[in-house]
Structures are given as C-alpha cells and as structure tokens.
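Be aware that the sequence shown starts at 1, since it is given in the UniProt record's numbering, and climbs by one per residue.
Please note: incorrect hints may appear among the correct ones.
[Said to hold, decoys possible] Beta-carbon label-pair distances, calculated as ranges: (1) Ile14 to Arg76: 39 to 49 Å; (2) Leu79 to Gly53: 36 to 46 Å; (3) Lys22 to Met1: 28 to 38 Å; (4) Gln38 to Arg2: 43 to 53 Å.
Hints in this document: simulated from the structure, not taken from any laboratory. Positions of the beta carbon are idealized from the N, C-alpha and C atoms, including for glycine.
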Amino acid sequence: MRYLIWALRLLVFIAVLMFALKNTGPVAVNFYADYVVQDVPLIVVMLVTFVVGTVFGLLLTVPAAMRRRREALRLRRELERLQAAANGTTPEIAPEAIAPMSPL
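Sequences are here, hints too, so could you generate the full structure?
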C-alpha cells in the first residue's frame, strides 16, 4: 500500500511538473495601486501562489492541532490518575501542577 501511495505521488508530481514546464511564458502581475510587474515567468507566479496557499492552510490547522495536543495531555493525566486510584496508590503530583513556574 505504501508503494502505491508513493507511485501516485510520483505521477501527480510528474503531471504538475509537465504542466509547469509548459507554462513558462512571461506574464504581467498586477498589484494594488496600479503597481505592475512585467515579464514574470508564469511558473514563478504559480509557485509563489502555491507556497502562499500552503502556508495559509498550515496556519489554519495550528489552532486545532494545539487543541488536540492539550486534550491528549489532559486525557493522559486523567488516565494516570485513574490507574493510580485503581492500584490504591496516590499519584505523584508534579511541582508545576501545584505552583506553575513563573517566567524569569
């Protein structure tokens, strides 16, 4: 299955590469306030657009990833507490849980 996924990735990469190499003609890029950059290769415009879109997409996933990480940590602590209670021992409490360390 892993080889099939890599083969599909290779096919997509080759298709995108062929598309990009066929679109290397110069274009004019219009910005706001009538600022125009002339003769920019289209492949550069497509690459910059892809990179900017990827960065924005990753930035949108950061809050959800941080939320999942905090939830996993909370559930891990709860599991340790429940296992300690089931064994009849008291759980070891980290000093940071009682008095959080202040930044220097």
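To see whether the hints hold, each was checked on the structure:
no. : hint                       : in the structure
1   : Ile14 to Arg76: 39 to 49 Å : 43 Å, holds
2   : Leu79 to Gly53: 36 to 46 Å : 39 Å, holds
3   : Lys22 to Met1: 28 to 38 Å  : 32 Å, holds
4   : Gln38 to Arg2: 43 to 53 Å  : 46 Å, holds
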